[in-house]
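Fit the two chains together into the complex; they arrive one by one in their own frames, and the hints show the way.
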Amino acid sequence: DAGITQSPRHKVTETGTPVTLRCHQTENHRYMYWYRQDPGHGLRLIHYSYGVKDTDKGEVSDGYSVSRSKTEDFLLTLESATSSQTSVYFCAILREGPMNTEAFFGQGTRLTVV
Amino acid sequence: AQSVTQPDIHITVSEGASLELRCNYSYGATPYLFWYVQSPGQGLQLLLKYFSGDTLVQGIKGFEAEFKRSQSSFNLRKPSVHWSDAAEYFCAVAPGGYNKLIFGAGTRLAVHP
Numbered sequence: 200d201a202g203i204t205q206s207p208r209h210k211v212t213e214t215g216t217p218v219t220l221r222c223h224q225t226e227n228h229r230y231m232y233w234y235r236q237d238p239g240h241g242l243r244l245i246h247y248s249y250g251v252k253d254t255d256k257g258e259v260s261d262g263y264s265v266s267r268s269k270t271e272d273f274l275l276t277l278e279s280a281t282s283s284q285t286s287v288y289f290c291a292i293l294r295e296g297p298m299n300t301e302a303f304f305g306q307g308t309r310l311t312v313v
Numbered sequence: 002a003q004s005v006t007q008p009d010i011h012i013t014v015s016e017g018a019s020l021e022l023r024c025n026y027s028y029g030a031t032p033y034l035f036w037y038v039q040s041p042g043q044g045l046q047l048l049l050k051y052f053s054g055d056t057l058v059q060g061i062k063g064f065e066a067e068f069k070r071s072q073s074s075f076n077l078r079k080p081s082v083h084w085s086d087a088a089e090y091f092c093a094v095a096p097g098g099y100n101k102l103i104f105g106a107g108t109r110l111a112v113h114p
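Same order as they appear, the protein sequences are chains A and B.
Each residue of the first sequence is one higher than the last, beginning at 200 in the numbering used here.
Each residue of the second sequence is one higher than the last, beginning at 2 in the numbering used here.
Keep in mind the hints are simulated off the structure, nothing from the lab.
Quick reminder that beta carbons are idealized off the backbone N, C-alpha and C, glycines included.
Don't take every hint at face value.
To be verified - Partner residues are not named here, just some residues of chain A that face chain B (Cβ under 8 Å, in silico):
1. Glu226
2. Tyr232
3. Gly239
4. Gly241
5. Leu242
6. Leu244
7. Tyr247
8. Gly257
9. Tyr263
10. Phe289
11. Ala302
12. Gly305
13. Gln306
14. Gly307
15. Thr311
Said to hold, decoys possible - Straight-line alpha carbon distances no greater than 25 Å define the calculated PhoX-like cross-link-like pairs of lysine-lysine that follow:
16. Lys101/B / Lys256/A
17. Lys269/A / Lys101/B
18. Lys252/A / Lys62/B
So that you can see chain B by itself, here it is in the shape it has in the complex (with noise of 0.2 Å):
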């Protein structure tokens, strides 16, 4: 079936390490790609994007992803993680176009001082 994971429910950092947030979809195609963040209470902010060229993007916060096609992975990174960056995460993709954003659960983030 077609579906986006995101194995982990729960991360915890501390302040100034670094962070991984895993994404795997499973579409034929490559569809667009993006990582959304929301901070509670919130409504959602996109942080990136990708939707063809190089595979490494760069986004808003000093996050960054990058796409990896034999894996169908896009893996969210941050080199250094700062207190504020507690939040949700979510993976979305968009198969075919735009005209259905399919969401992952969403990976929580806790930042240890």
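Chain A on its own, in the form it takes in the complex (with noise of 0.2 Å):
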């Protein structure tokens, strides 16, 4: 256990609504990830961050945007929800060490947008 909570576990919303989706950590950790899990696609990168304020653009970043304003906190927002956007949303954390770095993962958010 990495001290990974994300919040919320569960959401149903409708298209076009502003969702955001929180990841918390309890480590201070540099590295922080959102991913989102579909059937057929394995976990494909959202957006990252590498420090506060400090984001970047994955794979299928169209649609979502990120904050990180405390190490702690990684926020991923979808500003229009579409039913698209219907997936399992992963968040994780890099624990950095002398050839002993791993990535830690959250339990997951199921969001169902209808």
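Here's what the structure looks like:
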């Protein structure tokens, strides 16, 4: 357990509404990631962060924005949710160490856009 | 294009049989390589990883993987599968560092008694 908490764990929202998912870590790691998981696609990187206010796009960033105003929190926002954004979202952190670097994942947020 | 390929979407094996899950990548330099396992409704757990050195790496739960540079492969193996190994397995690569961890599409493993 790397102290990662995702909230909410489940959410149903309507098309066109804004949605924000939160990832909280307790260990002050530099790197944080947002992925979405869909059948047949594995996990695809949406956005990642390498420090406070330092973020970059991943493979599937269209329709998503992120913010990191504090080391411990990484927020993913869907400005106007669409049905194609129905997915399971995973947050991850990178615990860095000499030859012992490892990514740890949260339990996921299941988002349904109706 | 840069990618991670897991050719087998589903694999079924009998309990006690050996297992090999394939993973190929198409990045120019040798990236960091990982295998993760995901049980139904759960998050991801790291099985093993390769950074450099010995090309045969041992992981948790009796798994091992072999890095073959000439084939751009990092296949996962287990000599004797247990029913509790039924899960989805993901190969992942970090090309040029950790700024991006890229996953394959996954292989779903079913284990018959």
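Evaluation of the provided hints:
1. Interface hint status for Glu226/A: violated, as the beta-carbon distance to the closest one in chain B is roughly 16 Å, over 8 Å.
2. A cut of 8 Å between beta carbons decides the hint on Tyr232/A: the least distance to chain B is about 7 Å, and the hint holds.
3. Checking Gly239/A against chain B by beta carbon gives a least distance of about 6 Å; that is within 8 Å, so the hint holds.
4. With a least beta-carbon distance of about 4 Å to chain B, the hint placing Gly241/A at the interface is held under the 8 Å criterion.
5. Among the interface hints, the one on Leu242/A holds; its C-beta lies about 4 Å from the nearest C-beta in chain B, closer than the 8 Å criterion.
6. Interface hint status for Leu244/A: upheld, as the beta-carbon distance to the closest one in chain B is roughly 6 Å, under 8 Å.
7. Taking 8 Å as the C-beta contact cut-off toward chain B, the hint placing Tyr247/A at the interface holds, the least distance being around 7 Å.
8. Of the supplied interface hints, the one on Gly257/A holds, with its beta-carbon coming within about 7 Å of a beta-carbon of chain B, less than 8 Å.
9. Violation of the interface hint for Tyr263/A is found here, the shortest Cβ-Cβ separation to chain B being roughly 15 Å, above the 8 Å cut-off.
10. Nearest Cβ of chain B to the Cβ of Phe289/A: about 7 Å, under the 8 Å cut. The hint holds.
11. Look at Ala302/A: its Cβ gets to within about 6 Å of chain B, closer than 8 Å, so that hint holds up.
12. About 6 Å separates the beta-carbon of Gly305/A from the nearest beta-carbon of chain B, less than 8 Å, and the hint is met.
13. With a least beta-carbon distance of about 5 Å to chain B, the hint placing Gln306/A at the interface is held under the 8 Å criterion.
14. Hint status for Gly307/A relative to chain B: holds, with the closest Cβ pair at about 6 Å, below 8 Å.
15. Of the supplied interface hints, the one on Thr311/A is violated, with its beta-carbon coming no nearer than about 15 Å to a beta-carbon of chain B, more than 8 Å.
16. In summary, the hint linking Lys101/B to Lys256/A is supported, as the alpha carbons are separated by about 10 Å, within the 25 Å threshold.
17. As the CA atoms of Lys269/A and Lys101/B are separated by approximately 21 Å, the hinted pair is consistent with the 25 Å bound.
18. Between Lys252/A and Lys62/B the alpha-carbon distance is near 39 Å, which puts this suggested pair outside the 25 Å criterion.
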